[in-house]
Amino acid sequence: FVSSVMYDPKDGLLFVGTEGGLAVMDVASQTFLPLNAANSALAQISEIGCLFKDTKGYIWAGTRNGLYRFSSRILNQPYNAIDPDSQVQFFNSSAQKQTEGSLPGGYIISLFEDRDGVMWIGTYGDGLLKCTVNGNGAFSFKQYTQNNGLSNNVVYAIQQDKGGMLWLSTDNGLSKFDAANDQFDNY
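Note that our numbering gives residue 1541 to position 60 of the sequence shown, counting from 1, and the numbers run on in steps of one.
Worth flagging that the hints you see were computed from the coordinates, not collected in a lab.
Every residue gets a Cβ at the ideal spot worked out from N, C-alpha and C, and that includes glycine.
Watch out, some of these pointers could steer you wrong.
Said to hold, decoys possible - Have a look at the derived ranges for each label pair, beta carbon to beta carbon:
{"id": "1", "residue 1": "K1657", "residue 2": "I1555", "range": "32 to 42 Å"}
{"id": "2", "residue 1": "D1595", "residue 2": "N1667", "range": "18 to 28 Å"}
{"id": "3", "residue 1": "V1599", "residue 2": "S1510", "range": "30 to 40 Å"}
{"id": "4", "residue 1": "V1599", "residue 2": "S1552", "range": "18 to 28 Å"}
Claimed, not checked - Listed below are the simulated BS3-like cross-link pairs for lysine-lysine, each with C-alpha atoms no more than 25 Å apart in a straight line:
{"id": "5", "residue 1": "K1643", "residue 2": "K1534"}
{"id": "6", "residue 1": "K1491", "residue 2": "K1534"}
{"id": "7", "residue 1": "K1657", "residue 2": "K1643"}
{"id": "8", "residue 1": "K1534", "residue 2": "K1611"}
{"id": "9", "residue 1": "K1643", "residue 2": "K1623"}
{"id": "10", "residue 1": "K1623", "residue 2": "K1537"}
{"id": "11", "residue 1": "K1611", "residue 2": "K1537"}
{"id": "12", "residue 1": "K1643", "residue 2": "K1537"}
{"id": "13", "residue 1": "K1537", "residue 2": "K1491"}
{"id": "14", "residue 1": "K1623", "residue 2": "K1611"}
{"id": "15", "residue 1": "K1611", "residue 2": "K1643"}
{"id": "16", "residue 1": "K1611", "residue 2": "K1657"}
{"id": "17", "residue 1": "K1657", "residue 2": "K1534"}
{"id": "18", "residue 1": "K1534", "residue 2": "K1623"}
{"id": "19", "residue 1": "K1623", "residue 2": "K1657"}
Modelling step: build the complete structure from the supplied sequences, incorporating the hints.
Written out as C-alpha cells, the structure is:
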C-alpha cells in the first residue's frame, strides 16, 4: 500500500513511500526511476510511513525501522553507500549505541520542520523527538513522552501555529507544545 507521497517541484519528482519501499516517479514523463540494489542505496529503505523535504533540500523518510535522510541528487548512489559519513544517513535505536541524544525506538510516523528549521519527529510509541545538529554535523534527538506531559506516546501529525506552538495529534487527543518552555497542554 502507499503510505506517503511527497512531490519535489524543483526536480519534478514524486517520491512514493510504500510498505515495500521507496518509488520515485518523474512526473513529466510519468515513468518510475529504477531503484534497485545495483544502482541505488535508496533501494534498501522499506516500510515507509512518512516522507518530508526540509528547507535545506534533504528528504527524510520515516520507517518502522528508523529514520533516513538523503538528498534527491544521490538517486544513483550505490547500494552499500549507507553509513554515517555518506550522503545517505540512517538513524535507529540499534544502529546507534543507546546514549543520551541517540534516536530512541525507531518506528517513525510523522515528520515536520518548524519555522526555525528544527526537525520534529512523531513516533509510534516513543513520543515526540526534537532533532538537532551540532556544529560538527552530528545529529542528536531529544525525547518528549507522557512523562513530560505529552498526552500519548503515539504522535500521528505535527503542525505549527502563528504563535510558534506545535500541535500534535495522538492516540489520546490533541497536545499543544510550547518548545521554548518544554510545556504541554492537552485537549
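- Would you list, in rising numerical order, the hints stated earlier that this structure does not obey? none
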